[in-house]
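S.K.: Residue numbers (the working numbering), protein chains in the order written: chain L, 1 to 998; chain V, 1 to 89.
Worth double-checking, as some hints may not be accurate.
Said to hold, decoys possible - Selected chain L positions facing chain V (in silico; Cβ < 10 Å):
hint, residue
1, 167
2, 731
3, 745
4, 897
5, 901
6, 918
For the record, the hints were derived by calculation from the structure and aren't laboratory data.
Remember, predicted model here, so these are calculated numbers, not experimental data.
Note that beta-carbon positions come from the ideal geometry of N, C-alpha and C, so glycine has one too.
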Amino acid sequence: MTQAFRIENGGLINRDKKLSFKFNGKTYLGYEGDTLASALLANGVHLVGRSFKYHRPRGFFGAGVDEPYAVVQLFRNGETEPNIKATEQELFEGLEAKSVNCWPSVNFDVGAINNFLKIFLPAGFYYKTFMWPKSFWYRIYEPFIRKAAGLGVASTKHDKERYEHKYEYCDLLIAGSGPSGLAGAYAAAKNGAKVILAEDKPRFGGSLLTSDVNIGNQSGKDWAEGIIAELKTMPNVVVKNRSQIFGYYDHNMLVMSEKVSDHLPLTKKYHPNKRLWYIRAKEVLISSGSIERPIVFGNNDTPGVMLSSAAKEYLKVYGVLVGRKPLVFTNNDSGYETAIEFKKHGVDPVVLDSRKNPESEIIDEAKNLGINIKYSYVVVAAQGYKKVKSADIASISEDKKQLGKIENIQCDCICVSGFWTPTIHLASQSGNKTKFKEEIDAFIPGQSKQNEITLGAANGVFSLEETLKTSFTAGSELSKKITENDNKIAIPNVVEKKSSQHDKFWCVPLPKGKNYKRFLDFQNDVAVSDVEIALREGYRSIEHVKRYTTLGMATDQGKTSNLNGLQLVSEIENKVVPAVGHTTFRPPYTPVSIGAIVGREVGKHSKPTRKSPMHSWHEKNNAVFVDAGVWLRPRYYKRGNENLFEGSKREAKNVRTNVGVCDVTTLGKIDIKGPDAAELLNRVYTNAWLKLPVGKARYGVMLREDGIVMDDGTTTRISENHYHMTTTTAQAANVLSHLEYYLQLVWPELNVNVVSTTEQWAGAAIAGPKSRDLLQKLFPNSDVSNEGLPFMGYMEGDLFGVKARIYRISFSGELAYEVNVASDYGNFMWEKIIEVGEEFNIQPYGTEALSTLRIEMGHVAGSELDGRTIPYDNALEGLVSKKKDFIGKRSLQRSAFITEDRQRIVGVVPLDKQTSIPEGSHLVKNDKAPLPNPKLGHISASCWSVEYDNPFSLAILKDGKNMIGQKLFAMSPLKNKVIPVEIVSSHYVDPKGERVRS
Amino acid sequence: MLHINCPHCGMRSQNEFSYGGDASVKRPELNKEVSDQDWDNFVYNRKSLRGKHLELWQHISGCRQWIKVERDTATHEIFRTFKADEEVA
């Protein structure tokens, strides 16, 4: 297909480079520098999608970020991305895109029947209709609405693209590279300030690219190019195109999404797809310009109806005529600028001006060119379904209430201008309280809350001369404060045409007997009648009207609809617009890819992976790993075809009969030093610590102030004022913070230092009846006999030349030791233990066997210390000192904590001695009781006891102390299991603890 | 994201800190009788203030010091920051 609507010359596209692309399966040609929108328009394609609710045909309405309709699904490099604005997507060779929200095709859409059923789909339709009957919601209504709603489909595949995050600091951040942004950037840069200038479009210059002005004896466009070229050479300036600042957050933190690769067929090697910038700016200059406002009339959503500024941009930037018989409908002088451009390119427009007899230089120019102008005339309705074919027009009375006789004129596009709306989204997000500016019928930023200033059109100033003057001055002043330089800049002289006053007219009345849809919000299909219904039904707050009707919601955030919606509410309510107020502008200003927000933190990078120094040994020996917090730990060491159950059983059994070794490097370790160290421990732990001798370890439990168990572990007195504390793997960081809190804030008089040494020590637990024999061979020069190193004893040893710490502590309940060496020697230690242990049939064991061993011994761990239990619940009340005070002690007197039938840890064995009880099962008295069956307790941990060769579980059970011997049922509705069980002591194996002392 | 002036390290982003609650809460002294009401107030009862609030933060990915921050809970404005042992005038 030829580009029939492309003019011979002109525009900023590269005509030497043709690009082919596909839209809805059909191949077209465009040029380098086109957007998907401009290339489609060059080919005469106006129908790009179907509307959200009524599935009405939709075309292009804008030429950039303000586009409410032309949202397409993009296919690039084997990936698909929804929610792409055709007006922002740059063309590349081989681009493929499809319409969204239509089925089976954009030309024939079944959902369009909604348009004829529109009487059934007014505001609040979903809220009212799909409420009843309730049971229909999940099965019928929700799937139906899901299918009908949405703008595109998210990919379900893994995203191959890479996204980056960048943190940046600057003196002055400038949002938008129009005249205001360029002037501000230039002045600040000349003062040596660190400047970042961000432009969302590929081309810098903003309105200067399309307006007919002169700055310093050059065209506006040439002046902009000159400034940008100079800024790019300055080392203190970062100039970024394709970069949208979409959010203004606390303390002058702004976030910008830079499209690095979207305009290319393939992302370059080592390049990200997008880069998210977190920018902390000392000062912010918002020069985001303004967006043209539509005028509301009948069928104003028909493809071919668009903003007059968009038509001008397609012509001046892309060399594309949006029509050959244009009708321009305006209430101000901007429409004339578009008409003049058409005329200059040999196309005869008709201008309808709602004003009676406006006079200005621009209008004179249009008259002199012989353009057909009709004053006090309006478009009543567009005619045509998939494209504008004609327009019903009429004269309008001075009070804008009476329409004259309706005439029909042929046209193929309607270019609308209802004056300009400053883009105040960023200013509003910053906390700025906006104010209404009567002369322009729009809100502008008011009092700044953060260090920001809004200038130019975004501040409601439409004169170029004034914009440049204020922006140069602001750039100088803001930078002077920071850099203390004061380089004067000569403000260039400006030649621009003066405009006449616009008409405060925004909505064409309905002619008698006609029921045209007059849309306010084009993206969300909100018409004048919808807002009228909402108000009739009693919605008053503009925020409520927004939610009830969806006006100004979703990705569009009311860019083109906001003010007209407010006008309507204020008219019906008989209030002035500022009294109605506007809804909150929320970030992001434009849709941002989830990938860009996530950045590199995907897959294994979503959290750090910590590995012990012995990790590679585990890998080489077929360890199957499990995530333990951020650590990777061996779950079991697979032999042959063993599964987890078989492997862990073998390993646990070997600990009970021979000796096993387990990597315990992951345990939290905290080094505690100082003359008051014992006093700190005495306050932190529930038991007594003041009399622990040097060379001894002690088990301790620490509480939170609310009496709940926080963590447990052993602490060893290494020397007079030096202790080594261990914590559970999961709580390591919290315990350190906890200690620091008390030392720094509560008891600063204690002379103690704490520091994490988790990474400094590699640990190996050696457990089993033969562990002492092995230890003796590892440390031939140390006396590790029961007398030399008794239970809870500590000594230092020499492990083949490496200094080691030996603790006689046990988690498995067997005779056991923990050996620590400096991390760098971890692997050496491990290999020596395995090598020397061979004659004792040593086997490494993983976390699964470790769990089995501790469960059948009744030792508590994370599943019992679950943030809901106190020491009594875990049968740890013997460790709670009655004499001294400690953190959380007072809370243990709470009435709920001293009830007679308080929950408590018990053991649970299935009556058939066969069926494993799923963790999380509920314990109930009667398995046939009606639901909800009263719950007496829950299974916290389950294992296969290797000692007795049957299943065994731990449970937290109400009145557990008196329940031993009772028969209950363990019910797991999730696994559909009901298991008759007997309650036994939690100390299933070696209840007297003889083995650890042997 | 807040920008917090750590009295030990200087201006740092919020993601280096962790929040620690109301800084005006004082732990009852050890080994002293505490009424149920006083203990409840210490452990549980907090005012959810709108406006100026003195709160604790720990510079967890920095110097690990607990600091006091005077912040407006409605506007997020930070007025002053203090070292743990500094008196708040």
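S.K.: Against this structure, judge whether each hint is valid.
M.R.: A quick look at each hint next to the structure:
1. 167: holds (8 Å)
2. 731: Because about 15 Å separates residue 731 (chain L) from the closest Cβ in chain V, which is outside the 10 Å limit, the hint is violated.
3. 745: holds (5 Å)
4. 897: violated (12 Å)
5. 901: violated (22 Å)
6. 918: violated (35 Å)
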